[in-house]
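Trainee: Protein chains in written order, with numbering that gives the first Met the number 0: chain F, 0 to 323; chain P, 0 to 323; chain B, 0 to 323; chain R, 0 to 323; chain G, 0 to 323; chain Y, 0 to 323.
Please note that the accuracy of each hint is not assured.
The list makes no distinction among identical chains, and a pair is therefore deemed to hold if it is satisfied within one copy or across any two copies.
[To be verified] Here are the simulated SDA-like pairs of lysine to any residue, each with C-alpha atoms no more than 20 angstroms apart in a straight line: (1) K319 <-> R59; (2) K199 <-> C233; (3) K199 <-> N231; (4) K157 <-> T188; (5) K199 <-> D248.
To be clear, the hints were calculated from the coordinates, so they are not data collected in a lab.
Number of protein chains: 6
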Amino acid sequence: MLPLSPFPWQERPAGSSELLWRCTANPLTGHRPIPGVLGIYNSAVVPWQGAYVGVFRGDRTDGMPTLFRGESPDGLRWTFSPEPLALAGADAAIGIHEYAYDPRVVPLEGENRYLICWCNGYHGPTIGLAETRDFRTFTPLENAFLPYNRNGVLFPRKIRGRYAMLSRPSDTGHTPFGDIFYSESPDLTYWGRHRHVMSKGPTWWQGLKIGPGPVPMETPEGWLMIYHGVCNTCNGFVYRMGVALLDLDEPWKVIARGAGAIFGPEAPYEITGMVPNVTFPCAVLRDPAGSDRIAVYYGAADTHIALAFGHLDELVAYAKATSV
Amino acid sequence: MLPLSPFPWQERPAGSSELLWRCTANPLTGHRPIPGVLGIYNSAVVPWQGAYVGVFRGDRTDGMPTLFRGESPDGLRWTFSPEPLALAGADAAIGIHEYAYDPRVVPLEGENRYLICWCNGYHGPTIGLAETRDFRTFTPLENAFLPYNRNGVLFPRKIRGRYAMLSRPSDTGHTPFGDIFYSESPDLTYWGRHRHVMSKGPTWWQGLKIGPGPVPMETPEGWLMIYHGVCNTCNGFVYRMGVALLDLDEPWKVIARGAGAIFGPEAPYEITGMVPNVTFPCAVLRDPAGSDRIAVYYGAADTHIALAFGHLDELVAYAKATSV
Amino acid sequence: MLPLSPFPWQERPAGSSELLWRCTANPLTGHRPIPGVLGIYNSAVVPWQGAYVGVFRGDRTDGMPTLFRGESPDGLRWTFSPEPLALAGADAAIGIHEYAYDPRVVPLEGENRYLICWCNGYHGPTIGLAETRDFRTFTPLENAFLPYNRNGVLFPRKIRGRYAMLSRPSDTGHTPFGDIFYSESPDLTYWGRHRHVMSKGPTWWQGLKIGPGPVPMETPEGWLMIYHGVCNTCNGFVYRMGVALLDLDEPWKVIARGAGAIFGPEAPYEITGMVPNVTFPCAVLRDPAGSDRIAVYYGAADTHIALAFGHLDELVAYAKATSV
Amino acid sequence: MLPLSPFPWQERPAGSSELLWRCTANPLTGHRPIPGVLGIYNSAVVPWQGAYVGVFRGDRTDGMPTLFRGESPDGLRWTFSPEPLALAGADAAIGIHEYAYDPRVVPLEGENRYLICWCNGYHGPTIGLAETRDFRTFTPLENAFLPYNRNGVLFPRKIRGRYAMLSRPSDTGHTPFGDIFYSESPDLTYWGRHRHVMSKGPTWWQGLKIGPGPVPMETPEGWLMIYHGVCNTCNGFVYRMGVALLDLDEPWKVIARGAGAIFGPEAPYEITGMVPNVTFPCAVLRDPAGSDRIAVYYGAADTHIALAFGHLDELVAYAKATSV
Amino acid sequence: MLPLSPFPWQERPAGSSELLWRCTANPLTGHRPIPGVLGIYNSAVVPWQGAYVGVFRGDRTDGMPTLFRGESPDGLRWTFSPEPLALAGADAAIGIHEYAYDPRVVPLEGENRYLICWCNGYHGPTIGLAETRDFRTFTPLENAFLPYNRNGVLFPRKIRGRYAMLSRPSDTGHTPFGDIFYSESPDLTYWGRHRHVMSKGPTWWQGLKIGPGPVPMETPEGWLMIYHGVCNTCNGFVYRMGVALLDLDEPWKVIARGAGAIFGPEAPYEITGMVPNVTFPCAVLRDPAGSDRIAVYYGAADTHIALAFGHLDELVAYAKATSV
Amino acid sequence: MLPLSPFPWQERPAGSSELLWRCTANPLTGHRPIPGVLGIYNSAVVPWQGAYVGVFRGDRTDGMPTLFRGESPDGLRWTFSPEPLALAGADAAIGIHEYAYDPRVVPLEGENRYLICWCNGYHGPTIGLAETRDFRTFTPLENAFLPYNRNGVLFPRKIRGRYAMLSRPSDTGHTPFGDIFYSESPDLTYWGRHRHVMSKGPTWWQGLKIGPGPVPMETPEGWLMIYHGVCNTCNGFVYRMGVALLDLDEPWKVIARGAGAIFGPEAPYEITGMVPNVTFPCAVLRDPAGSDRIAVYYGAADTHIALAFGHLDELVAYAKATSV
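Using the sequences and the hints given, assemble the complete structure.
Mentor: This is the structure in structure tokens:
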């Protein structure tokens, strides 16, 4: 892992007992971050060559969601490429030919490449895949699954010899249901051995649907997965975050699942915006110095990039202590 | 009625012609009022031993709504018990075994006890009942009705020799319809003689559904009922308050029903929060000094406790003058 | 119980292994059974003075469902009164002021009267009640519950000193959900001590909703309840019958519940008609001679009265043997 | 055209590349602009006798939308008549007998009268029409169309000898679809020769429905139409503005249609209010001095009047440059 | 009116008290009446040169509904043209360019031409119009209305100097609502002076939606209109027929409206077919001999042409006697 | 291919011009074909050892669909095993642990085994796979895809070195949408290279959804695929059959697609039953004698097995001649 020296970690505010706390620089971006773009928000950030690089969801002024490249010296101040990522495959079935959103980026352990997954428009939403070695050139691979699917998230290393992915099968629109599944692949082209991981519910905040969030974090006790959960209210939905601990070798086995939401929309930039009451996590950074500090990038109100801090150990402990 | 001496009444702001005006201390609570709770908002407050006590809806961080006890020296600054109210009956059919929300509290005239009604999860929402004499020990009674019902509100005294309750029959979820009905009981166990009181509509602000609010206030002209009404818009719902005057002896007979909403979401803490555009009244205090001053506790945006002031006489007059 | 000598029992057809078999005289009625009526179908039949009398659902040519009186020498050939049953109470809240459908009739053990329950239109569907001693004069009682409810069915005797009723709480329209609940009353006016009996599912044929059918039959092993269950298909619903055994003293406790449907639409007069694929049981006759023979009256396709035969012992055995 | 000397034009803010920019005085109105009215927002403003007059949508405290007259010395500070516009025809089929909303006003070229169109409640929403010569007396005409229709917008002159109107056929409620059509009339009573103009889509921001906005502006290259477009998100809708250029003689022929939204909810008074995330344009003023400056009146969050500035030439150029 | 000598009138069956009775030759057509066509059913029949001619809805094997010409010596045995009616206008906005269904034909009194109305696909359903003088050549006129509309039915003569049409405004799909409106036109091109005639309800059989049926029949007491009404059941819809009497000079005024359905699906060919439980009237013949005998052509189950007989006087009397 | 000598081919009836004609022995099965089963209908039949064997969908009396083995000397008279197929894998993620329906069977060319695909209940519907060599022992493989998917159909040989499957991604219930996709696998465990084949529409009979039917038939001109298409009507759905010709080497490329339905519900056993108006093809037999005769097994009304005959050459010709 590269040195993350400049990352501006923030401590938990005095008096707070929250598991995740907001960065004081939030929101990192606002409406119209670059010309021709309504907002850049759902973020896949990784450390890169002593600084930070990321792939981001941005909605163009015609409303179409697509992917933008961004770079930052410190993880807070971002410069975005003016043009969307070009990810055209030789065949209309791969790469970005229609819409693209909600990316995740993962450096593959032991391989000199980064994988990007995103929700890819191919006769409905499915999981697009691409690889890069330099964040300049991106090579699209085959879509992982048949439609309809969202929130594909690769594990950062092979598990039992195969690439592994979490995802949320869904339908053609803004699906009012959703469980998390696990799939594996020998070659990133063919996928199978699909396993159900966990369902929406059982607690209220995640009673409508759930989906995987950032790349899972390996810990001695299992993969710590931050995921999003959605509930219905008497006037709209609320998108919050939760945590679960998955078995290291058989990640479809849930070791512990925290009962409560660990984070949700409360700040003004989270409860208002293009889509109110959404906090949607897509990336997490771990402190390279070996502490258990983490930083979670999340989209706020489908408008802003925002950042929250926490301790990985506390999330593991919370999942175990409150497991449902 | 106990002395309410410390209650911080506020006069109508200069230049205002509103029937209800916001307390300048609003919102009384915010996100995360106590550890493990997302928000405490819908409120059932009564004067108690020279101060104030209440039963409140609070949503735990797992999203589950349940009831919390709170106390306050002045009705504005509240301290909440860290643990939800324990209301377990000997039988799973009574007390709180699942969710609980939107409580009302009423001191029963001529009886040395207080009754609590709430929306109780028993194979769907129905009306839970419990009694207390000291706000320390609460004894659950039988649920009043078959599911599906919300917003049970007891009258503060027997009417024609029987306990009397308003409620809103509904269905399993966030019901898009709702009328107010009246029921009575000889013993708080068996309920019958159900009468329809009034329907959603006829004016637009209450065109989707209505339900009873705080305990009705007895006046020489009838029971003054503050209720909530909901309308649909081109992007979500709006929950506002209205007033109606019910016959003293036959409360299912509507003497007058104000045409307009007397209060609705306008303040920032009402139009944003966990559920935008909700002002939901659950309790009212009357000035013990004999004036017609009232104070209405309402949940704001399913996030905050808020307070508004008014004059009972004006509400009665408004209901009569604009009756539809 | 009165002598049922003329009743034309039929044996199980050779080669059949069905629990219920169709009467060869089916359908007993057809379209336009009497002037001004589209069909008479859901039936509440009891033996009466050596013959049979019943209260029936009939849909007038204006589509309104209401109740008709019928009489028959043998239970097969029915003569209907040309006018609907008059059940007007002094108050619009009781008796039939709007629509009325799906009646059940029960002779109250030890009382010289018959009770009629039906789905009564009072600001939505609820359970109407009336009594008669001669099937000439009917006296309406208070509606048992708040709306919205359908399929109220009284037990034939008091249980632990109180009248007892099964019902299916529902909503304003053709509810796509429904469980069976139990309620009791000291006086047939006030109802309480509501208990959940059983839910839709768990087997597919009853996966959408369920509701009580005829008056439960007392057996040494418990109350044998025939109920209706509904499933969704890829093109419409199917209404079938099932059986469950309820505890004699605490009938909300399910002793056994048969896994499969015991009867469903297969005959031409069941799979076509005003409402295709409906077999809806409302009444059952037991052989007065002491055998376990029973005859089930059911509405077929919301158009016809039809009859099926079976053995009570076999239903009890089936419920126990396949209990889910 | 009358002198518009006092109009407070504002230049594009430094650094902005937006096609429309907000007036620094926004919002021009707020909650409760006059007694008995929740908000006045969707606006039809015209220059009049050296100042400005307008017809506005205002929602009464009973929630009913109706029309109010307003006048202003400068287009920013508005005084509203306390009473709704009286537009009662001799026949219940014309004029305002129920609700009325979303007005547009157009001075008819070469005729000494102004026409008002609005969404008129006559057994469902349709397009009401009235004329005035002095903004004191308004004479209702026949409704233009059968229900269900919204957003009728007259062209400012006859086209090929006939009056011409754009509208959006819809249904009884908050229609989730909508295209723009063109109709013409020899006499403002009978309408025909209906032509489809353009459909919802093809870009995402207008993927749910579209409808005409202010009176189209004549330019040498065609009619410049500002319209509203709506998209669905994972938690509610967003109402934005777009531009299209229509053929001068055959306005149902679309010469160009801008790909992106030119304006949308971003300011606090646009993303919160009675209906969040709505910017709804109803009127436009052109600089009488002959420049291409325009000012767009729009309703913000169904609560406020707001104003944005732009240049007509730029809108034309944008429509052509990005045409889809 | 032409001689109808060969028409095979049938008397009311002995013992029947029905207002309309089925032709014993029913169904007149079945599945696959001509090659490439699934069924021909909704029928617009007129006497013509001593025999009968008609325009019919036929669904092609690709499912597309369109119009076919048919001729018959006696009104029972029909020969259909193998090709759909060609009704292409110079402009895509008129004539049949997409789908076409549910035609009506009316000889215009005092004009040597027949008018055809049908539901025409032009960016949604609207009312197409065409004229013919010889049933060989058909000239399309402008569509009468903006979408979305179905069931346009012309009156057989001008009323107060203008052409007059009934229709049912609807929406883009299988609309679950629908009222009948009246419109008039000086020239069959421009339409206006729209008036509401009657709403769905108030009786159950017509509780979901209603629409006009055959061309209204002039009688001394008013226009006798046969219309269709639809109700929802617990498993699908039922399409039946009703009658209303409209004012001769102001046909939007309802003089009387029969409470009940006068006809509905009961025969096997009505309760099963491509669309079960539909009887849909589109045409009526009056006895040229001056009796009040009528024959109603109706589509049965969207599969068959069927015919029923009745007496006009009885329908008038029924509407008056049972008026709601 | 095995000798099919006993198969009772039937010629096209005189006068018929249909592409498929019904077997005169239809329906081959009825209600309650074996004890404990409501109906056996959707059929996967293959020739086997001089006779016929098949895997069938049967709905148990508890409503659960599952798979039954059947055998027949002639393809018309079937004997079913009394017990459902046991297909339990070592892991709950494979084999039949919940419901199973709509099987297809294919002998793999050049491999001594048969593959069975079906809709498998694993946290939603997905495509189950199993193999057999003797139709006695069945070995479950991994499910092919993530949920939600229905109608998996394997090609009868590898294509370009990989197994190939058609399927219809869907959602959790009775999906109102559906397109056909193509996927491939090197090993029947991992699947990828997903390609869209064709969408619902463009003709009306297939306007709601489509899905693959029997195993595609190889012809010199391409794979002839019989598929099902569904349309919505004003009262329910209709399931019909269509044909398309797919490229031999790249089967996701559609060479031709017939415009019309080639078969649909018309016979009484197709338009009534447990699910009216369904004809659902699952298997096809080709004449082993080398003629182009084919026999299509289809489920009728989700109740019966039925059979239709045709000529493969004619289907190919029809697809090409009417291609849309």
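Trainee: Identify every previously stated hint that the structure contradicts and give their numbers, smallest first.
Mentor: Result: hint 5 breaks, nothing else.
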